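K.L.:
Sequence:
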Amino acid sequence: MLPIDYKNKVVILLKQLIFRALNDAFENKTKFNLENIEIENPKIKNYGDYSTNIAMKLAGQLKMEPCDIAKIIAKKINDYILNDIKITLIPDSKNSKRENITISQILENVDTKTIGIGFINFKLKKEYLISQIIQLLKNKNLVLTTKNEKKKIMVEFAHPNTHKEFHIGHLRNISIGESLVRVLEACGFEVFRANYEGDVGLHVAKAIWGVRKKIENSKLKIENLRQLTPAKKAEFLGEGYALGSKAYEEDEKARKAIMALNLAIYKDPYKVDLWEETRGWSLEYFDSVYKRLGTHFDRLFFESEVEKKGREKVKEAVQSGIFIKDSDGSIYFPGKKYGLNNCVFVTKEGYATYEGKEIALEDLEYQTFPFDLDIHVVANEQKNFFQIAFAAVEKLYPVQKGRQYHLAYGMVNLKGGKLSSRTGNVVTADKLIDQARDKIIKIIKEGSIAEKEKIAEKVAIAAVKYSMLRVNPKIDIAFDLAESVSLMGDSGPYLLYTYARCKSVMRKAGLDGFSDNLSDFSSSLNEQSEEEIALLRMLYLFPEVILEAGKNILPSLICNYLYDMAQKYNLFYQKHKILGSNFRLFLTLSTAEILKRGLYLLGIETVEKM
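With the working numbering, the residue at position 395 of the sequence shown is 397, and numbering never jumps.
By construction, these hints were calculated from the structure, which means they are not laboratory data.
Only a predicted model underlies this, so the values are computations on that prediction, with no experimental measurement involved.
There may be inaccurate statements among the hints.
Unchecked claim - List of simulated lysine-lysine pairs, DSS-like, C-alpha gap at most 25 Å: (1) Lys128 / Lys47; (2) Lys310 / Lys273; (3) Lys142 / Lys128.
To be verified - Derived DEER-like restraints, expressed as beta-carbon distance ranges: (4) Lys553 / Ile87: 30 to 40 Å; (5) Lys598 / Lys234: 27 to 37 Å; (6) Ile87 / Ile477: 45 to 55 Å; (7) Val320 / Lys33: 50 to 60 Å; (8) Gly449 / Lys598: 17 to 27 Å; (9) Lys510 / Phe34: 45 to 55 Å; (10) Arg228 / Tyr399: 34 to 44 Å.
We put the CB at the ideal spot given by N, CA and C, even for glycine.
Input sequences plus hints: build the corresponding full structure.
P.N.:
Here it is, written out as structure tokens:
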């Protein structure tokens with residue numbers, strides 16, 4: 003969990019109110035301070051906008067039932083509301099001014115109606131909810147009060163290996179990483195986008211061997227391959243890799259040739275025929291994928307640039323006892339001393355392992371961008387790798403202690419099973435998005451062929467990204483293409499359809515965006531329906547959801563919120579006539595704007611119509 007420094011004005015107010023009510027009701031008999039008072043959003047919205055369990059915490063101390071304590075506190079605060087009591091809001095920073103607030107202008111009522119016992123629920127005034135939504139709509143910042151500007155976070159994500167295709171598993175990685183970057187930026191952090199790519203190793207040797215064989219067997223010329231599109235070059239490389247992998251397992255002569263090629267690449271990859279050129283093909287192809295997905299990076303890091311430095315640093319650290327040289331000449335990290343496994347960082351042949359390369363990578367990344375935290379978006383299966391690597395990094399670079407975090411994510415499977423590039427039976431990112439686009443274009447009703455293709459491309463990317471993001475990253479997912487492109491249910495297209503519906507209503511009303519003449523609703527607020535108020539309360543929560551997503555490093559919280567909000571809007575849309583009502587138009591344009599901002603945090607572009 004990230005230590006996000008955020009003070010919600012209402013939360014500060016509620017804590018002070020509870021503290022005051024405790025002192026008034028129990029005459030300073032409690033030993034609680036403001037920091038002990040916890041405020042949260044109740045999962046069941048009918049219970050209010052905020053709640054606290056302070057009564058349960060005080061039960062033992064006061065020797066009373068929690069429900070009785072809760073009723074006493076609730077009555078005290080309701081009295082404050084009825085009597086228009088003012089409270090001085092304690093500032094959350096040196097730059098903030100003290101503020102006198104009339105409680106009745108923010109709180110509607112306080113009650114203790116819950117399934118459990120002892121919870122105190124706070125319901126905000128509708129006028130206050132509206133004022134906060136208006137403030138959010140007028141402000142470009144997604145989170146209005148935060149103090150994280152001086153904190154730096156590196157997010158290292160994507161991680162495709164050169165000489166292999168960008169497959170569906172990489173799509174989950176890049177979707178999580180891109181969304182996380184945007185969420186953290188919204189929370190006020192300075193974020194650096196990093197990408198660490200494997201451009202040396204056995205997979206590269208297999209691919210180059212296979213490419214050479216394909217060229218030889220088909221009598222192709224390298225000049226012909228250079229004319230191919232980036233995607234076709236990548237496909238050719240993928241075929242070469244599949245051929246090399248098969249030969250490596252089945253043909254002893256080929257195996258020896260590939261191993262020799264691998265050693266030559268480690269010694270000096272630039273002297274190996276076709277290494278630099280085929281590496282360039284991969285990077286060109288990856289760039290096209292990044293552009294299609296709306297992702298960019300501040301710096302690409304490569305295994306080839308850290309291998310030599312990694313082995314040198316490990317060898318140097320043997321003298322200090324951080325690493326130990328074994329009898330066979332290899333160098334290992336004594337992980338058992340720290341409750342981990344011993345692990346080789348430099349092989350007996352003198353080359354850095356993945357762990358050894360990580361030693362140099364972390365130093366290079368920190369020198370490039372002196373981070374407070376480095377988040378590595380990498381699959382669950384690398385959990386042990388990072389535990390050992392982080393332990394070694396902290397011994398070698400004490401300044402980085404506590405600054406490394408592995409954001410582990412689960413595997414992506416299709417209905418047909420796990421993905422594989424070794425066999426050549428791989429679903430690439432481009433092919434998957436193309437399939438989604440082809441399905442979506444058939445259901446788009448409006449626009450010319452060119453417009454439909456443009457809309458279908460955006461909706462297809464939304465479908466794929468949302469499917470990757472909507473569940474907790476740690477959970478394995480089975481990707482279902484039909485489900486992902488559905489306009490009904492928990493999907494990216496459903497959210498885009500809801501946004502397009504809002505924009506359609508706004509066009510009919512002659513509205514392009516927020517207008518000051520929509521800001522006075524007090525005259526008719528008492529007449530609002532259950533659907534309208536439920537949507538209003540949902541819209542208000544947006545900044546808090548962003549902060550929770552950032553604090554817990556969970557973009558899936560944004561997905562859950564947007565889906566819930568879209569459902570509430572569509573229910574409201576079905577039950578009520580919107581045109582002719584300023585308040586309902588306000589709800590519509592607010593929903594559209596918050597959907598747009600929320601989808602941006604997921605790395606998804608909106609469409610005006612579908």
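K.L.:
Taking the hints in turn, state whether each one holds.
P.N.:
Each hint tested on the structure:
no.	hint	result
1	Lys128 / Lys47	14 Å, holds
2	Lys310 / Lys273	16 Å, holds
3	Lys142 / Lys128	23 Å, holds
4	Lys553 / Ile87: 30 to 40 Å	32 Å, holds
5	Lys598 / Lys234: 27 to 37 Å	36 Å, holds
6	Ile87 / Ile477: 45 to 55 Å	48 Å, holds
7	Val320 / Lys33: 50 to 60 Å	54 Å, holds
8	Gly449 / Lys598: 17 to 27 Å	20 Å, holds
9	Lys510 / Phe34: 45 to 55 Å	54 Å, holds
10	Arg228 / Tyr399: 34 to 44 Å	42 Å, holds
Consistency with the previously given hints is maintained throughout, with no hint failing.
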